[in-house]
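For the record, the sequence lines run as chains A and B. Its first residue numbered 2, the first sequence is counted upward by one per residue in the numbering used here. Its first residue numbered 446, the second sequence is counted upward by one per residue in the numbering used here.
Since the hints were derived computationally from the structure, they do not count as laboratory data. Where a beta carbon is used, it is the ideal one built from N, C-alpha and C, also for glycine. One should not assume that every hint holds.
[As the list claims (entries may be wrong)] Distance condition first, Cα-Cα at most 20 Å in a straight line; then the derived PhoX-like pairs of lysine-lysine: (1) A:Lys121 / A:Lys85; (2) B:Lys491 / A:Lys121; (3) B:Lys600 / A:Lys121; (4) A:Lys186 / B:Lys491.
[Unchecked claim] Far from chain A by the CB rule (all over 12 Å, computed), these chain B residues: (5) Ala519; (6) Ile527; (7) Thr531; (8) Pro537; (9) Glu539; (10) Thr559; (11) Ala575.
What follows is each chain in one-letter form.
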Amino acid sequence: MINYIWFAFLAAGIITAAFTGRMAEITSGIFDAANVSVELAIGLIGIMSLWLGLMRVAEDAGAVRFIGRLIYPVIRWLFPGIPKEHPALGAVLANLAANMLGLGNSATALGLKAMTELQKLNQDGDSASDDMCAFMAVNTSSVTIIPATIIGIRASAGSNNPTEVIGTIIFATCVSTITAVIASKLFARINRRRRRAE
Amino acid sequence: MMNNTGLSSFMNEFGNWVIPVVILIIITAGLLKKVRVYESFVEGAKEGFNIAIRIIPYLVAILCSIAALRHSGAMEFFASVISPFTEIIGMPAETIPLALIRPLSGSGALGVMTELITTHGADSFIGRLASTMMGSTETTFYVLAVYFGSVGIRKSRHAVPAALCADAAGILAAVFVCNLVF
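Please build the complete structure, drawing on both the sequences and the hints.
Dropping the structure here:
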């Protein structure tokens, strides 16, 4: 899937640029993107280290396992592959909480910690597990409840009521998160059936 | 009006408190459980560098392909093709580029949203819809590249289709609720 999408983005871009006469723009665009990738990754190192350090302290204190036990009943349904008391539970929860609060890079750092834990449970080295797909779908559906950046932009653009979109955002984000859960469950089931048929 | 400024300052205050309080809780729990907090922190933080470096090739692959698409004008062309259909469901043509770019580029989407809001006004229907669309979906491809890249997953299986379904649902829900409320 990702192979076709990747090919399609590049090919569609280059072919369209040939017609629109934007070859120079996409050349510099591609080079800039390569540089930006490195800047983004380097920019993550500090926050990443901070949260991984704090998560380690929380783990050693048993807090991650404690939280994991509390939310296990809900998580078990969403991520059936995570055993009880596994550190992945706490990391997944921490990431979702950070996402809800709109904490950007901190959410990413905690999410990567969760992926590391999920990868330990993954039997199939370079192929994503069902739990990873479910986690990614929920994660990318955006579960923000405090859209601080958006409110900030609205306020600076002179809105009379910058926060009036919170309600509509929460509604739309709930729809997308529910869809994410249903879609990942459904696709996982279809995959399993197809594999059994082979 | 009073109420509203109260709410936004409350949320700012809340945002300022969250991180310090979480840090305090974690280190206190550590100390109570006799964890050597400083050493444990440093041990965990060591991994930060490696993870950040590991995601670079995945980011380069994804962001370069997205850049090719964005700078070519392909999205504007696609938007003009589908605009007659989106008008039917109450989605103004101006907001289509935002819906298309949202899963691809966070900074790009923020730019498009800011431009829509300044051009049409934050309190216009387009401004409100753009804000809602922005808040209810994520930069799917960036997140997928970073998360899977960090653990060396190359076969993403059904993560991409599931995430794209969620994005589409989020956009449609935003259009629906904005038409209903505003």
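Comparing the hints with the structure gives:
1. A:Lys121 / A:Lys85: Roughly 14 Å between the alpha carbons, so the hint for A:Lys121 and A:Lys85 holds.
2. B:Lys491 / A:Lys121: Measuring from Cα to Cα gives roughly 18 Å; hence the hint holds.
3. B:Lys600 / A:Lys121: holds, 16 Å
4. A:Lys186 / B:Lys491: With a Cα-Cα distance of about 35 Å, the restraint between A:Lys186 and B:Lys491 is violated, given a limit of 20 Å.
5. Ala519: violated, 4 Å
6. Ile527: holds, 15 Å
7. Thr531: At about 16 Å from chain A, B:Thr531 clears the 12 Å cut-off, so the statement holds.
8. Pro537: Given a closest Cβ separation of 15 Å, the condition holds.
9. Glu539: Non-interface label on B:Glu539 holds, nearest chain A Cβ at 15 Å vs cutoff 12 Å.
10. Thr559: violated, 6 Å
11. Ala575: Contrary to the label, B:Ala575 does not stay out of reach of chain A, its closest Cβ about 9 Å off (not over 12 Å).
Figure legend: structure checked against the earlier numbered hints; hints not met, in rising order: 4, 5, 10 and 11.
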